[in-house]
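**Q** Please arrange chain S on chain V, whose structure you already have, making use of the hints.
Here the protein sequences come in this chain order: V and S. The numbers in the numbering used here rise by one with no breaks, and the one at position 51 of the first sequence is 51. The numbers in the numbering used here rise by one with no breaks, and the one at position 222 of the second sequence is 222.
A few of these clues could be false.
Said to hold, decoys possible - Below 25 Å or equal to it, Euclidean Cα-Cα: the simulated SDA-like pairs (lysine to any residue) are: (1) Lys-16(V) to Thr-522(S); (2) Lys-274(S) to Asp-306(S); (3) Lys-16(V) to Tyr-285(S); (4) Lys-13(V) to Arg-269(S); (5) Lys-16(V) to Cys-262(S); (6) Lys-16(V) to Thr-99(V); (7) Lys-13(V) to Glu-39(S); (8) Lys-13(V) to Arg-90(V); (9) Lys-274(S) to Gly-292(S); (10) Lys-274(S) to Thr-522(S).
Stated by the list, open to error - Far from chain V, some chain S residues (derived; all Cβ distances over 10 Å): (11) Ala-77; (12) Ala-181; (13) Asp-353.
It should be emphasised that the hints constitute simulated quantities derived from the structure, not laboratory data. A virtual CB, placed ideally from N, CA and C, is assigned to each residue, including glycine.
What follows is the residue order along each chain.
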Amino acid sequence: MGVTIDVPYDVLKAAKAEWDDAADELDGSFRRLLRASTTGLSPRAAAAVDSFRGEWGRELRARGRQAQAYSDAFVDTGSDFLVTDLAQARLMRSVLPWTYHDAGIEGR
Amino acid sequence: MAVIALPARVGPFRQLLSTPGAARDLATDLRAVTTDVKEVQAWAERTSGGAWTGEAEASAHHARTRFAVRLDAGEAALEHAVVAADRFEDRLRRLQLQRTDLETERLTLDRDIEHLRAVIGAAGAGADVAALRRDAERLRHRAEVLVGDIADWETRCDEAEDDFVAALRAVDTLAEGRDAAGDPDRPEPQSLLLDLNSRAQDPAAVAAWWRGLTRAQREALVTEFPHVVGNTDGVPVADRDEANRAYLLGRLDHLGEREADCQLTDDERSELTKARRLADLLDDYGNRVDPGTGDNLLNLVGYRPDSYSGDGGVILSLGNPDTAEHVAAYVPGTTSEGGDLSGLDRVETLYDDMLAEGRGSVASVLWLDYDAPSADSLTDLDELGDVGSVVSTGDAQDGGRRLSDFIDGLHATDRGAPEDLTVIGHSYGATTVGYAAHDGAGLDQLVLLGSPGEPTATADALTGADVFVGAADYDPVSLLGLGERGGVGALGYDPAQADFGATRFDVDPGSYRVEDLLHNHTSYFEGTSLDNITDIATGGDPTVDDGRSASGDGFYQNLSELLAGSSTASGGDWLWSQAHDVAEGIGRSLLDLAHPHY
Numbered sequence: 001m002g003v004t005i006d007v008p009y010d011v012l013k014a015a016k017a018e019w020d021d022a023a024d025e026l027d028g029s030f031r032r033l034l035r036a037s038t039t040g041l042s043p044r045a046a047a048a049v050d051s052f053r054g055e056w057g058r059e060l061r062a063r064g065r066q067a068q069a070y071s072d073a074f075v076d077t078g079s080d081f082l083v084t085d086l087a088q089a090r091l092m093r094s095v096l097p098w099t100y101h102d103a104g105i106e107g108r
Numbered sequence: 001m002a003v004i005a006l007p008a009r010v011g012p013f014r015q016l017l018s019t020p021g022a023a024r025d026l027a028t029d030l031r032a033v034t035t036d037v038k039e040v041q042a043w044a045e046r047t048s049g050g051a052w053t054g055e056a057e058a059s060a061h062h063a064r065t066r067f068a069v070r071l072d073a074g075e076a077a078l079e080h081a082v083v084a085a086d087r088f089e090d091r092l093r094r095l096q097l098q099r100t101d102l103e104t105e106r107l108t109l110d111r112d113i114e115h116l117r118a119v120i121g122a123a124g125a126g127a128d129v130a131a132l133r134r135d136a137e138r139l140r141h142r143a144e145v146l147v148g149d150i151a152d153w154e155t156r157c158d159e160a161e162d163d164f165v166a167a168l169r170a171v172d173t174l175a176e177g178r179d180a181a182g183d184p185d186r187p188e189p190q191s192l193l194l195d196l197n198s199r200a201q202d203p204a205a206v207a208a209w210w211r212g213l214t215r216a217q218r219e220a221l222v223t224e225f226p227h228v229v230g231n232t233d234g235v236p237v238a239d240r241d242e243a244n245r246a247y248l249l250g251r252l253d254h255l256g257e258r259e260a261d262c263q264l265t266d267d268e269r270s271e272l273t274k275a276r277r278l279a280d281l282l283d284d285y286g287n288r289v290d291p292g293t294g295d296n297l298l299n300l301v302g303y304r305p306d307s308y309s310g311d312g313g314v315i316l317s318l319g320n321p322d323t324a325e326h327v328a329a330y331v332p333g334t335t336s337e338g339g340d341l342s343g344l345d346r347v348e349t350l351y352d353d354m355l356a357e358g359r360g361s362v363a364s365v366l367w368l369d370y371d372a373p374s375a376d377s378l379t380d381l382d383e384l385g386d387v388g389s390v391v392s393t394g395d396a397q398d399g400g401r402r403l404s405d406f407i408d409g410l411h412a413t414d415r416g417a418p419e420d421l422t423v424i425g426h427s428y429g430a431t432t433v434g435y436a437a438h439d440g441a442g443l444d445q446l447v448l449l450g451s452p453g454e455p456t457a458t459a460d461a462l463t464g465a466d467v468f469v470g471a472a473d474y475d476p477v478s479l480l481g482l483g484e485r486g487g488v489g490a491l492g493y494d495p496a497q498a499d500f501g502a503t504r505f506d507v508d509p510g511s512y513r514v515e516d517l518l519h520n521h522t523s524y525f526e527g528t529s530l531d532n533i534t535d536i537a538t539g540g541d542p543t544v545d546d547g548r549s550a551s552g553d554g555f556y557q558n559l560s561e562l563l564a565g566s567s568t569a570s571g572g573d574w575l576w577s578q579a580h581d582v583a584e585g586i587g588r589s590l591l592d593l594a595h596p597h598y
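In isolation and in its complexed conformation, chain V is listed as follows (with noise of 0.2 Å):
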């Protein structure tokens, strides 16, 4: 059996993309924080901005995994989006902008 979200192909596809520059600009982000250079700063000021950058460090690559997730969850197959079941189709329909957050879902 198969399972429906009732959203349009634009949608899902502009969606899926969205998902995919929001992980690489985090990546980026991530990257970015982790090399900020702490040369020339006393041995104490280098350990709070290690302590910062080591808790949002983490953050920002966990959102960045969680949004190449989001984009990965929608499996394009050319002219069609495969659903395999309900939680997929929830999950889908849940990382849509908010006006899609009720699209109705049918198996089939």
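**A** Coordinates of chain S only, in the frame set by chain V:
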């Protein structure tokens, strides 16, 4: 024998534990990270619901909304970190200047103590002991004051470190980030942007409004809308620099990721190439500081990579025009593109020479924020005789208006005594600055180098500023403007004419060989010409030459005569005939003439 007690020498004291440059580099990176995160967060938030619209329960299951909320915590934490790093940098810079003063006083005091010791040692029986004791007492008092000042300075150093560390630690957990996101005092960039945009046409109003913002409000705007802040006239140069660096680094990160994913479009690849070149340039100047302010020497005052059909617009400044006493702004001509930063060499040469004059603090600006013809149509001269069909005044007029706005912005953000502003245009850039002057730009001196034409027939009609002209006798481009002995006139009047009424200063006439004519057009930042430009830009007097005229001392060869004569000098009838064709507008290029093997 009388005893005179001298104070102990004040020993060396500590250096700054953290340097301002390190804090600046950290702030720059944090701004770029914040800019990127804000872009993603804003995208997610725009298309979210619930938490932002009041439908909280429904949105609890909406992953995009949860994502936006979660990312907002990181964004808020980063905002705090940027403000903390920026404040830290400012405090360290002040502390560094204070340290320099303290160290100077320490060394002076040491010398004075040793001097008095020598005087006492050499004193004979008749020495004025009371006077020597008074001198020693004065030194002791100075030493006590200095020791106290050093202790205060060290305390302020510790406080600056403490505050920076505390500020970062206040937002280094997710829970603290969430608290920061929910802080009712958190600046609202969108409403600040509306305020900024409502004043954008009035640089003085922008400057006054900007001065009233808190540091957190400024940083919120800079990191949320770096592209806007960095290119708004009336925002101080230092803040524009921070915004543009954040935007540049953010674009590098974004485009670098797309490159790694093999997703770059041709336009993006071009932007990335130019952005990397610019970033490398900024890195090259990373350790150089403005001797007047201690700030970084090179400022990115404008950055529009997507303007002018992808050529991009860039404004760079060596030194800070807001604080410098003498400011020179250089507008290159037709070979200018955002990715072509070779004009910075001239700007740096001028900066060094202006500084060496010792007439006060200086700044030298490269202004490339207009759509100059991408190829040098004035010197790639299939079109020399028919220049009007290749190059029009349209871009010069548009550029002139933009330059005029930029100059208004510089005046609005100027601090201290009013700056002495010299605007220098070369080639098509000379036409552009002419239009800016005619538009009413508030400049003190206008310098026109190798001008192909100006919009008015006289200097008085052009501007109320002092107008100076550099026009080499054998620069063919400078002969394009209308004058007593002809001229193409497509771009206006020749400002080197005596009846134009400008001051024509001495420049090397150049080589009278046809293959060197193009070089003559690009040699104004050398030798006598450069000396005179430097004098003009620092309040000195240049050495003066006669203006061009149809007779007398100012008699000159017109374009046809120059091309024919220099061709003959270079090699004979064949060259002469080609030169004649060019002069008649038939269209042989000077490059062809210079390189007949083509």
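**Q** Indicate, hint by hint, whether the structure satisfies it.
**A** Going down the list of hints, with the structure as the test:
1. For a cut-off of 25 Å, the pair hint linking Lys-16(V) to Thr-522(S) is broken: about 52 Å separates their Cα positions.
2. Our distance criterion of 25 Å between C-alpha atoms is met by Lys-274(S) and Asp-306(S), whose separation comes to about 11 Å.
3. About 41 Å separates the Cα atoms of Lys-16(V) and Tyr-285(S), which puts this hinted pair outside 25 Å; it is violated.
4. Annotation: proposed proximity of Lys-13(V) to Arg-269(S) holds, straight-line Cα distance about 24 Å (limit 25 Å).
5. Annotation: proposed proximity of Lys-16(V) to Cys-262(S) holds, straight-line Cα distance about 17 Å (limit 25 Å).
6. Distance check on the hinted pair: Lys-16(V) and Thr-99(V) sit about 16 Å apart at the alpha-carbon level, within 25 Å; holds.
7. A hinted pair counts as satisfied when its Cα atoms are at most 25 Å apart, and Lys-13(V) with Glu-39(S) qualifies at roughly 20 Å.
8. For the suggested pair Lys-13(V) and Arg-90(V), the alpha carbons sit about 16 Å apart, so the restraint of at most 25 Å is met.
9. In summary, the hint linking Lys-274(S) to Gly-292(S) is not supported, as the alpha carbons are separated by about 30 Å, beyond the 25 Å threshold.
10. Between Lys-274(S) and Thr-522(S) the alpha-carbon distance is near 24 Å, which keeps this suggested pair within the 25 Å criterion.
11. Once the 10 Å rule is applied to beta carbons, Ala-77(S) is inconsistent with being away from chain V; the minimum gap is 6 Å.
12. Against the 10 Å criterion, Ala-181(S) stays outside the reach of chain V, whose nearest CB is about 13 Å from its own CB.
13. The claim that Asp-353(S) lies off the interface holds: its Cβ sits roughly 31 Å from the closest Cβ of chain V, which is beyond the 10 Å cut-off.
Hints 1, 3, 9 and 11 from the list above are not met by this structure, while the remaining hints are.
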